[in-house]
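J.: Chains as they are written, first to last, in our numbering: chain A, 1 to 223; chain B, 1001 to 1223; chain C, 2001 to 2231; chain D, 3001 to 3231.
Hints listed in this document are in silico derivations from the structure and should not be mistaken for laboratory results. All the given hints hold, so there is nothing to weed out.
Straight-line Cα separation of at most 20 Å, DMTMM-like style, residue types lysine to aspartate or glutamate; simulated pairs:
(1) B:Lys1121 x C:Glu2101
(2) C:Lys2082 x B:Asp1122
(3) A:Lys71 x D:Asp3039
(4) C:Lys2083 x B:Asp1122
(5) B:Lys1071 x C:Glu2068
(6) A:Lys19 x C:Glu2010
(7) A:Lys121 x D:Glu3140
(8) A:Lys137 x C:Asp2194
(9) B:Lys1137 x D:Asp3194
(10) A:Lys121 x D:Glu3137
Cβ-to-Cβ under 8 Å is the rule here; a few derived chain D residues that face chain B:
(11) Asn3003
(12) Ala3173
(13) Gly3207
(14) Pro3217
(15) Ile3219
Every residue, glycine too, gets a C-beta built ideally from N, C-alpha and C.
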Amino acid sequence: MKLESIRHYIAWRAAQELKKGIVNLGIGIPTLVADYLTPGKVTLHSENGILGVGAAPAEGFADRDLINAGKQPITQLPHTSFFDSSLSFAMMRGGHLDATVIGALQVAENGDIASWAIPGKDVLGVGGVMDLVAGAKKVIVTTTHLNAKGEPKILSRCTYPLTAKGRVDTVITEYAVFKIRSGQLYLEEIVAGISLDELKQITPASYEVSANLQRVNAFDLVK
Amino acid sequence: MKLESIRHYIAWRAAQELKKGIVNLGIGIPTLVADYLTPGKVTLHSENGILGVGAAPAEGFADRDLINAGKQPITQLPHTSFFDSSLSFAMMRGGHLDATVIGALQVAENGDIASWAIPGKDVLGVGGVMDLVAGAKKVIVTTTHLNAKGEPKILSRCTYPLTAKGRVDTVITEYAVFKIRSGQLYLEEIVAGISLDELKQITPASYEVSANLQRVNAFDLVK
Amino acid sequence: MQNVKGNQVETNVQFLTAEDAIAKIPANGATMMVGGFGDSGIPEYLLQAVMNRDEVTELTIMSNNITEGSNLNELFLLNRIKKAIGSYFTTNKAVMKAYNEGRIDIELIPQGTFSEALRLGGSGIPAFYTPTSAGTELAEGKETRYFNNREYVLEHSLSADVALIKAYKADKAGNLIYRKTARNFNPLMAMAADLTIVEVEEIVEVGELDPESIVTPFIFVDVIVKRVVNA
Amino acid sequence: MQNVKGNQVETNVQFLTAEDAIAKIPANGATMMVGGFGDSGIPEYLLQAVMNRDEVTELTIMSNNITEGSNLNELFLLNRIKKAIGSYFTTNKAVMKAYNEGRIDIELIPQGTFSEALRLGGSGIPAFYTPTSAGTELAEGKETRYFNNREYVLEHSLSADVALIKAYKADKAGNLIYRKTARNFNPLMAMAADLTIVEVEEIVEVGELDPESIVTPFIFVDVIVKRVVNA
Chain A
1 MKLESIRHYI AWRAAQELKK GIVNLGIGIP TLVADYLTPG KVTLHSENGI LGVGAAPAEG
61 FADRDLINAG KQPITQLPHT SFFDSSLSFA MMRGGHLDAT VIGALQVAEN GDIASWAIPG
121 KDVLGVGGVM DLVAGAKKVI VTTTHLNAKG EPKILSRCTY PLTAKGRVDT VITEYAVFKI
181 RSGQLYLEEI VAGISLDELK QITPASYEVS ANLQRVNAFD LVK
Chain B
1001 MKLESIRHYI AWRAAQELKK GIVNLGIGIP TLVADYLTPG KVTLHSENGI LGVGAAPAEG
1061 FADRDLINAG KQPITQLPHT SFFDSSLSFA MMRGGHLDAT VIGALQVAEN GDIASWAIPG
1121 KDVLGVGGVM DLVAGAKKVI VTTTHLNAKG EPKILSRCTY PLTAKGRVDT VITEYAVFKI
1181 RSGQLYLEEI VAGISLDELK QITPASYEVS ANLQRVNAFD LVK
Chain C
2001 MQNVKGNQVE TNVQFLTAED AIAKIPANGA TMMVGGFGDS GIPEYLLQAV MNRDEVTELT
2061 IMSNNITEGS NLNELFLLNR IKKAIGSYFT TNKAVMKAYN EGRIDIELIP QGTFSEALRL
2121 GGSGIPAFYT PTSAGTELAE GKETRYFNNR EYVLEHSLSA DVALIKAYKA DKAGNLIYRK
2181 TARNFNPLMA MAADLTIVEV EEIVEVGELD PESIVTPFIF VDVIVKRVVN A
Chain D
3001 MQNVKGNQVE TNVQFLTAED AIAKIPANGA TMMVGGFGDS GIPEYLLQAV MNRDEVTELT
3061 IMSNNITEGS NLNELFLLNR IKKAIGSYFT TNKAVMKAYN EGRIDIELIP QGTFSEALRL
3121 GGSGIPAFYT PTSAGTELAE GKETRYFNNR EYVLEHSLSA DVALIKAYKA DKAGNLIYRK
3181 TARNFNPLMA MAADLTIVEV EEIVEVGELD PESIVTPFIF VDVIVKRVVN A
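Could you build the full structure based on these sequences and the hints that come with them?
T.: What follows is the structure, encoded as structure tokens:
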């Protein structure tokens, strides 16, 4: 698969976890998730103060006062509401979002996540992700299995600065889906074309193979 | 003076302290202050969630959803806004009210006030007065000089449970006006018909007589 | 997701009868927030349904007051309230009497602390410092701390199993607006409870409420009940 | 007081030119909140007037970010900002460079903590506990505490000498409404500063704004400036 196909597959797969409810999508692969949601079933929240985020506007119809947290122009929907940042983060931190889908630099088997800073680089931005991860009922991480240098991202312990401790529920990559239940990481799904052993070699985290392990064909699944 | 005249005189006198701005009036004598304010200059706030409290409605025009903190029907004004209790108390506790006028059971020379509980009686209500006194820029106490038993109310120290410590700025009674500046109580005004000695006898608090002491004729002043 | 018409919008908000809504409340010992100040903004119709379901009892109520003549007071008179948390119960003589006879427990909180504890309880903030009540009997037994030479009291935020609130209108997605001073504690309680049940006067189509003027976005709402006025 | 017509309403809110409004800002070393998120809801016209008054310098800015292309960025490029407090400065390369060269100090706060610190700063609550950043580098050196077996970080509320905010419309009493996602931090900053200066697109008569829909009641406003668009 090409990188763009991989990203779309991961986004599609994350969308399958989101049948109904209110979701906040982070930047990167999570942004693509919107394209794969059933219309009208999931409402998107954006932390800059909108519940009910609509599609990008048609060319020439962008409104400077109508953007998402990624600073991209959006549209409003029939059930949209606007509010200040404090109420928006009350929704997030107060546990009112059904789920968030976010990217990660590293995820650990204990649910720790690192997504905002790389050691040795300047870190002058954190945004809303710490509040999102601290508060959402379900934290779904979408990420390529390896980083650009080919290093594993699903680890025993994160080595990068943490975004939050023990908050991740689900990790979705182009090869697999992992879930954390009662502090234990489980492999729930693996794509055709990679063996359990091969997966193990690129996944330093210790995990159990779920009794209900699904083997899926990623290529067939993406429309 | 009869009690009703006394109460109106005190209310009128308090209104003279309020030339402009935003004010919250407590229950009792403070409620009467509204009648003596210059129309349009002072905006009244009520802690149940309204800025811009209008007069009582005409007979038969009361709206159950439009009341003040004393649970009396009111009307709205052209610049009225409605909000929830949290924002209402943010206005109070956050120091945004120019003044509050409240009643008291006791006031002390150090600015302490007792207004919500009598020792030995059940105390099951405090309402919003503690927030009001904690936050208003100026706390004006309106009270009869003596209580119903003829006991003084302006004391060295309060003996009743406190509403707040050191927050009172001005005390207005039917006999006198006191102000607290830099922790010192000053007699600023005394009505005709009572001597300084007579006032002293019914005012156990230690106070200084202001260099600018005013002697006023209460009867002439009330219209 | 992207371009959705009003009639396609589906949210998790349920539209139920009062009876079905109240059936969701845990039977014994629930903590229950009840909106309203004075006579204004009390969910009377929902409270009537609570009265009709006897097993909802041993309640801990969080409400600013228990207004005489309200159905919350009726619930109290039925001995279904074991504890009330709020700011003002003085004017209700029956509550005073019950308190003296040990039939009801009262926790008194200044009204501003109460309202902020609701809002922060719904916002994931478990505790905060307030100047209100510092140096008074209501701060006894509470932690205090100085910031910039002023004393503040540590207060804990509130949450509950259920909130019964009263709004003016809901749209079919579950967004709410209120009417005048009937707003009071209602939007705050909507945020702070696990199960928020809303009594409304009117239900309108999605899109009929101004998105700039929605006070309670539907994210804070679980169940909506349209008040039925008996002819 | 009682029955007042719109044209009789007088409040303490002043209606000034941008120049006269900005003249009220302390000359050196002021703390200044600036509204906006991304490109949306930035008081660009007021910031232009700040740029025009050279003695307003050594600023400590509280703003979620410093958007490239904005007048806040221009102010930064003029070396008038010595410190910035906010949640996201990563995308502004000039700020990154200045930080590395020691020309600007940055205090990074999670966005939800930032927004709540503004609101509570305006509400008389000096400090609060939040779960956000617990166990991370951003909590280092901060007090933490457990409530219900979860770790929370003690955060201090924010206040400032001045807030420059952007609203959509003001009425002549000073009440404000906003437009869509341009609302963001603006209503919170209005509450939290000693001097709140508001840039608006339109000023309407008292009574033209719906009292149920006013987002910032005039109690939080000091000065209103109508944005003048150059032809």
